[in-house]
Every structure is written in structure tokens, then in C-alpha cells.
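For this one, chain A is given, so just place chain B on it according to the hints.
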Amino acid sequence: MTLLALLLAPLAAAIAIAIAPPRLSAWIATAGSIAAAAIAVLAAVQFPSWTSEVFWPDEVGPAVFGGFGITLELGLDGVSMLMVLLTVVLTAISVIGSYTAIDHRHREYYAWFMVLESSMLLAFMARDAVVFYIGYEFTLVPMFFLISIWGGPDRRPAAIKFFIFTFLASVLMLAGIVYVASRRAEWLGEWSFRIPDLVSYASTQLTAGEQFWVFLALMAAFAVKTPFFPVHSWLPLAHDQAPTAGSVILAGTLLKLGTYGAFRIGLPMAPLGGAELCNFFAILAILGILAAAMICWVQTDVKKLVAYSSVSHMGMLMLGMFALNPIGLQGSVLYFVNHGLSTGAMFLLIGMVYERFHTKDMNQLGGLASTMPVWSCFMIFFTLSSVGLPGLNGFVGEVLCLWGCFTAEHDTMAGYPGLLGPWYAIIAIVGLILGAMYLLRMLGKMVWGEVRTPAGHDHEHGSLPQDLTAREIGILVPLAALCLFIGLYPRPILESIDPAVRSVLAGYPDAVLRVRDAELAEGRSAEDAPTLVLVEDSSR
Amino acid sequence: MMEMSERLVLLLPEIIMLAGAIVVSVLGLSRGSVLRGAVPLATMATLAAALIATVLVHDPERAAAAGLPLPMLGLYGRALVASIGLLLVAVTIGSVDRRLEEAFAKGLAPFDPIRVLGGEFHAFLLFSLAGAMLVTVASDLIWLFLAIELSSLPTYIMVATSRGSRRAQEAAVKYFFLGAMSTAIMLYGFAMLYGAAGSLELLQIQAAFLGGAGETPIAVLGVLMVVIGLCFKITAVPMHFYAPDVYEGASVPVTAFLSFVPKATGMFVLMSILAAVGWSADLDSPSLPPNIEAVLWMIAALTMTLGNLGALLQRSVKRMMAYSSIAHSGYMLVGIVAGPAFGGYDAVLLYLLVYGVTNVAVFGAIASIERRGQEIDSFDDLAGLRIRHPWAAAMLALGAGSLIGMPPLLGFWGKLDLFVAGLGAGQTELVVLMAVNSAVSAWYYLRLAGPPTIAPAGPQADSIERVPSRWPLVTAVAAGFGLFLLPLVLDPISKAASVAGPPPIAAAEEAASTSAPIDPAG
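Heads up: the protein sequence lines correspond to chains A and B, in order.
In terms of my numbering, the first sequence opens at residue 1 and continues consecutively.
In terms of my numbering, the second sequence opens at residue 541 and continues consecutively.
Extracted from the complex, chain A is given alone in its bound form (with noise of 0.2 Å):
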């Protein structure tokens, strides 16, 4: 029943909004996404699955579409509700920071966002496929609104590049989910698109042949909404375009839909296929993290350069997750929610900067720090936690996902067996580095530096003052307290992750040692593959 009234809370308020005057909008929306919110913490303070790996509440949901078993279940599980947690407060922080930001179409702007939060609650909650798919596409809907009616100068084709890119990717996924359906009834007589059921059928039925391609459909959806490298070209653009709040959306929780996805469907669904394809996305996750470095290299626009960042830290984190093993995973899912907090919290001060300056040219502003000491106190905060500094959250995810990364083959998780190397983790490292360098260099032109405002601005910033407001500090407060506290303390979290992780991880260290067997045969009638003497060496 929580779980529903979760669900409902943002679409009561949607159909509110509808309704009312527009000039209640926005009020009405900052009350359902907090409702919804207040729920969301009433639902994490009795969830009793914090450390265990059963889904609460465990019972089975309405029948949607009986005759194909398609039922609304909702469920969560650690991951899940951090996911859920992560939602609500990134929409709520969402929805108070766009009042000055947007002007027009009051009432359209937040009856759609609250639509774009239910939508992503369900995919989150969803314990069907089905509804799965259903939360998980229907978001492209909203936010093409979102882009294309408030968004930047060319937002039409960014709303459009957006909606095709990830459409196309996740009718394959469709395809792929149902293939695994219609091979269970087949064999089993009865329909379910329940993921549990179709995860047990599929990592155990189907012969590796079959799970490389499931894999590959399902990977197809997970990895241009994450976005893997080359995929990516979508995300810069509808960042760029995208209204502040939007973005922060988009960077924050939607993009997560993707890696949750690959999370919770895509590798427990197919373990051979993802033993098979482990080495492949990752060498496409590490060419992410250093194209991205090298394109933020040259860019001179903010908000782009932060979309770009997004992209080679989306990287780190699916390096975390092929490495296949308990830590590696802990980091990447630990990621899912440093990345939404940090990024989304860099998106909100860019927003501010833009509504102050009408520019995210970095080459037209710098020396805010003596024009606007709050807002460059946050944007050093984040930015440090984004690059990684030990003691904020940045730092933990990515450690975890560099050293599961680099600890994979030798096998050091007893009972984890991984096909990633240092190899990887030393080249990713180096990304990392890169990254720290532009955004650091960004830092150091936008903060420090003689003081520089556009040419023809003349201080007049509409209503807002000089330095942040009361409600802007207010927004950026709770997320720098939440980044402090899992870099501080990431304990409770990586404790509620563990369970989910290793179910996760349930069919990989047969479905590895497969792979590393095959190939080692391959190996010994070709006698000349480079990197199958490493796995020999590391098996002595």
C-alpha cells in the first residue's frame, strides 16, 4: 500500500495541477513531490530488507494483462530503495529550483515532472518486466516535453536525437525480455514476466548461445541510457538543451535507469552472456572515460562539460560493474547514487549561474568567487566530490570500483572469479585523472581568476540577488550533507547494497570460469592469444 500511494502521490498531483490555476502550479507540485518524498522516508524507516536480499512488501500485485501473467508488483530491495530514495529527493530538490528558472507554461512544466517522477518510482519499484519497461520507457515522454518546450535554442532536435536514440534501444530490450518470456511459457506452460521468474528460467535454461543475445538486447536499452561510449552522442546535446531541472533529472535518476536496468535485469538475467561480453563493455566503458576526458578538453560550455564528465563517470561505474565481483559492484551501485547527488547538485549551480548570467561560456565568466562566495563555496564542494576527494562520497564509489576492477581476476573475493585485470583499472586511473584536471581547470576559471561577467550583462539579475537565495542554498544544503555523510560513513549503505549485489552476482562464478575455460581451450589449439598467458600466470 505504501508502495502505491508512492506511486499515486506525484499523479494525484499531476491531474491537481491539470486542474487548478496555473499560478498554483508550482505549489501544488512542490507538495506532491514532498508528500511523495515524506512517503518514500515513512517506507525506508519501516523497510525491514535493509540487509537482506527479500523484496518488501512480498506479495504479488493487480494482474495487468492476465493471460500474459504481466502483474503490478511492486517491490524494493536495498538497491532499489536507495534508488527510490535518491528519486524523491532529486525531484523535490528539482521542482523547488526551477520556480525563477522557468516563465511559461507554468502548469504544463510541473504536471509533466510530476508525471516524469511517477514514471521513474514504477520502473524503480517495478518487480515485473512488463511494468518495468513500462516505467522505464514512459519516461522518454515527459522529458521530451521537458527539453523540447523549455530547453535551450536547439532543443527540438536534442528532444528528438533524445527520444529516438533511447527508443530504439529499449524495443530491442522489449524484444529481449520477451523472448525470454515466451521461451519460459514454452517450456513451462504458463506466462510470467515476473524478473524473478524470468531471471531463474534464463540464467539456468538458456544455452549460452541464447543468453549472449538476451544479453546483448537487453544491454542495447541499458547502455545508451547509461550512455556507453559511442552511444553516448545523445547526452551532451539533450543536457545542454535541457531545462536545469531536467538535467538534473536526466543526470541524476534517468540515467540511473540504465545501470539499474543492467543491475537488475540484464546481469542476472544472462550470466554467460555477461561472463562473454564482460571484457567488450568494459574496454567500451574505459574508451567512454577517456574520449569524455579528452572532449571536455576543448569545451568551453559548463553545462556541456558536465554532461561529458557524466559520461566518463557512467564509465567508471560500468567498469565497477563488470568486474563482476561483490566489491566491484558495491562501488558501481554505491555510484548510482554519489553520481545523482553530485552531478545533479553541479547541473543546479550551472542553472543558478545561467538564470544570474544568461551564459555557461566558461571563457566569459570567472572571479565569481568574490561576486558570489556561497554559490563558489558549493561549486568547490561538489566539483571536489565529483573528482573523487577522499573523505566525500566521490571518492568511496570510485575506489570500490577501481579496486574490484583490479582484484577481478585474481580472485581475491573468494568465490568471485572476475575477467577484468589491473590492466583496465590502470587505464581507467588515468581517465580518472583527466577528469580531476578539466574540472578543476573549470573550477579554476570560473571561481578564481579576474573577475569577468559577459560582455553587455549589466548586473541586473531580475528578482534574484547577487549571491544565491535562501531557497537555492536551501536545495544545495541536504545534498552536500548527504555527500558528506557516505564519504564519511558509507557503511549502512554499502551494507543494504551487499545482499542485492551478491544475488546479483548468484550464476557469475560458474558462467566465468566457463568463459576463462573455453577460452583457455581456444588458447592451447591457438597457441598465440597475448592475453590468455596472463590468465594462466594468475592462476599459478
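Hints are computed from structural coordinates only; laboratory data are not their basis.
This one's a predicted model, so the numbers in the text were calculated from it and none came from an experiment.
Warning: the hint list may mix true and false statements.
As the list claims (entries may be wrong) - According to the in silico footprint, chain B covers these stretches of chain A (three or more CB under 8 Å from chain B): (1) 143-152; (2) 261-267.
Claimed, not checked - Some chain B residues well away from chain A (every beta-carbon gap over 12 Å; in silico): (3) 552; (4) 581; (5) 588; (6) 634; (7) 727; (8) 728; (9) 758; (10) 827; (11) 926.
Note that the Cβ used here is the ideal one computed from N, Cα and C, for glycine as well.
Below, chain B alone, put in the same frame as chain A:
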């Protein structure tokens, strides 16, 4: 076979429709404008009566004894045609004879029964719908052919008289000649089937094909020609090329009609014929004649791909919808290729409902607006529509979303059902092609959804007026709500659409052997 009186009971809905058509055509000639205005309402009443009769006369035993390869198709198929037909009639209200009626009302012209077309138009509409309903209960080839023609011939006239422009007449002539050609091909195919099976009765053909008649070249060629002929009705490759010109030439309500009724007719016939020549729900029995499945596969793949590529290039809404209609036929053919054993037929029948409701939402919205009496037919004109016509804009966006297959709208569930059927039958390549095609289609459907709801009003937006009749918009909004609400009752609908249970061959064969075929002429 069954008694004549039993047969007449089975045909009660069609009898009501034909009687209604006569009443409507007389009513349309009356002097009083109120009576003439009641023509569409009388048409709708007829359809409602036929819908009720369909449900009331439905009796599984009677249907099983009627000698049909798909005995349960009669209920769902006829109910579907009657209910979508109701919506389609509501969209036409106020468009036929509009100029003339305005002139009569203002006293600019004396009443002239020769010039009014409303009665004839609606009578033909009823005839065509009656034909579409009749194909679901036709038990032999001659009857089937007559039902198809009853459904087709009125549509040529409807296109020609739909608006007083030369383009409509040009479209009607094109439509007529190509339609005649396709009918000839199909009839030739029927003749060959008769030659191969030695009977016109569908069940006897089924028995003959089970006995190995399907392996002869004449049988394969016959089925192939029937399929090609039917491709015209369902706007599938290679007989699809007429659709854009005809859709563009006809008035919007008639285009809406053309996008649904001939397609439903063609799909019903295709399903019946394929069921008769071996496409059965029983996996152990012999399947289709060799190569026919491969031909259907190719037709499905080409139809959806060419339809989508064509739609990408259009600037006119109606031409785009014509290509979109071609693409959706391709999707439905995935269900046909999957076959009845894997729920493919059921998925096609569900998809027909999905497609019909969605099209009513889109075409109803377009029919509800005009500029200086002219239809709005370019995407550029639609920019900023929401400012003065929010409901029409919203319905265009909703309809486009459903055509894309955006969950949780109705279109998504239709596509999901086709996915399930296709993958269940092992047609993975075809389903992936369909998935890619649906994604490509998002590109042009976004042009239908985007400009009306997003763009600031262009200079043209202010000159767009609502048509005098409220009905098209009301119908579109009703269909739009259907896109949201019908998914909630998907279970009963999909149960009703499950027509491809194991055909009661034994019982029907027994019945068929004891009575002579119904003579359609007498």
C-alpha cells in the same frame, strides 16, 4: 450443413445492416433538413443494433456448425467492425453535403434531391461495413468473394463523392482500377484453389489440403494469388502503392474509413483462407503449402520497412498516415506469419482494434479543424495548434504515442501481443525487424505529436478554425480516452479475440457432408 432458418439467424446483424442501409438512403432524400440531419444518427443506430444482434445471436454451437474454418471469428470480427464503424460514422457527421446543406439553410439554393449525397453515402458506408462483417461468417469461396466485393465496391464511390474536388475523383478512379485488378488476381486464385481442392467449401478445402492437395503447384499458385490479391485490401507490398494517393484524395473521414475497414476485411479473409489451406492451431497437422510461409515473411518484412521509409519522407499528414497504415499492416502480418498456434491470429485481431481506435483519435482530430473550409494537411500548419485547439492537439499527440507503441497506451499492448506471438513462433528476425521499424517510426510520429503540442504558434495557427460539427472532436476525444482505458480491460478483450482455438473440424465435417452448400444467389 445447417438449416436455412439457422443460417438466417447467424446473418441477423448483416440483415439489419442492409435494412438500415435502405432506410438511410430513403431518409437522405427527404425534404426536411431535420430528417436529412438524422441520417448519420440512423446509421449509428443501425450499427448499434447490428452490434447488439452480433452479441445476442452468437452461439458457439451454431457457429461451429456453420462450416467456418475460424468459427469464433464471427463474434469478435463483427463486433469489432460494428464498434469501430460507429466511431467512423461519428467522425463523418457534418462533412458530407456540408456546402449544400449550408446553401439550403440560407435559402441560396432550392432543395434538390439529385444533389444531396448524404443518404447514399451513409447507405454505402453501411453496405461496406456489412461486407466486412459478412466475410467473418462466409463458409465458401463464392460467398467470401461476394462479401469482399460488397465491402469494396461502396468504398470506391465513397472516395469519389467524399468531397467535391477533382482529386477525390482521380483518387477514386485509381482506387477502382487497381482494386479491380487485385480482385481479378484474387478471383483467379480462388479458381485455382477450387481446382486443387475440388470444392468451394472452406472446410472441404481444409480437408483436401490436410489430405495432401496443398503440395500441387496449382494449389500453391492459387494460395499465392489470393494472398497477392488480398495485399491490395490490407495495403501490403506489392499492392500498397495506391494508398498515399487515395488517402490524400479522399476527405479525412473517408480516409479514416479506408485505413480501417478494407484492412480489417482483408485480414479476416487472409486468416480464413490461410486457416483453410493448412495454417491451423494444431501443431501436429500439416502446415501451409511450401513457400507460402516464406512469401508471407517477405511480404511482412518489406511492407513494414517500405511503409516506414515512405512515411519518413512525407510532408502531408494524410500521406504520412497512408504510409503508416502500410507499416502497421506489416506489423500485423508478423502475427499472420506466427500463425494461429502461437496466438498470432489473436494478436492480429487485437491489433486491428488497437489500430482502429488509434486511427479514429488521429483522423477525428484532423477532421475537427479546417482553414477557410479546407482540410489541414501539412505538418507545418499544425504548429502551435494547442493554443486554440488544445483537445485536437492533445489527441494528435496521444494517437501518435499509441501508434509509436508508447506504454501504457493501447498501441503498446497491441505490439507486445505481436512480439509475443512472433517470438513464440520462433520468428526472432522478423520481430527484431519490427522492433527496429517501430523505433524508426517514432521519428515521423513525433512530427505528428510534436509541432501541435510544443511549437509556438506559427503565423498559420490563428487562421485554423473548428469545423461547425462538434462530432469529429468528441469522437476523437472518446477514442483518446479509449487509448488510456481499454488497456484496463485488456484481459476480456484478448479472450474475445482468441478465435484460433482448435477448429472443431470433426463436428463441422460431419455437418458439411449432410447438406448442400448454400447458394449465395438464392
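Subject >> Status of the stated non-contact between residue 588 of chain B and chain A (beta carbon gap over 12 Å) >> reply: holds, 28 Å
Subject >> Interface exclusion of residue 727 of chain B relative to chain A, criterion Cβ beyond 12 Å >> reply: holds, 38 Å
Subject >> residue 827 of chain B and chain A, when compared Cβ to Cβ, separated by more than 12 Å >> reply: holds, 18 Å
Original post:
Taking 8 Å as the C-beta cutoff, is the stated coverage of the segment 143-152 of chain A by chain B satisfied by three or more residues?
Top reply: It holds, with 4 qualifying residues against the three required.
Original post:
Is the Cβ of residue 758 of chain B more than 12 Å away from each Cβ in chain A?
Top reply: Since the minimum Cβ distance to chain A is about 36 Å, residue 758 of chain B lies beyond 12 Å and the statement holds.
Original post:
Taking C-beta pairs only, is residue 552 of chain B more than 12 Å away from all of chain A?
Top reply: holds, 30 Å
Subject >> Status of residue 581 of chain B, Cβ more than 12 Å from any chain A Cβ >> reply: Fine: 33 Å to the nearest Cβ keeps residue 581 of chain B off the interface.
Original post:
Regarding the assertion that residue 634 of chain B does not contact chain A, is the least Cβ-Cβ distance greater than 12 Å?
Top reply: holds, 29 Å
Original post:
Minimum Cβ separation between residue 926 of chain B and chain A greater than 12 Å?
Top reply: violated, 9 Å
Original post:
Non-interface claim for residue 728 of chain B: all C-beta distances to chain A beyond 12 Å?
Top reply: holds, 38 Å
**OP:** Please count how many residues of the segment 261-267 of chain A have a CB within 8 Å of a CB from chain B and say whether that reaches 3.
**Re:** The restraint on the segment 261-267 of chain A is violated, since only 0 of its residues have a Cβ under 8 Å from chain B and three are required.
When held up to the earlier numbered hints, the structure conflicts with 2, 11 and fits the remainder.
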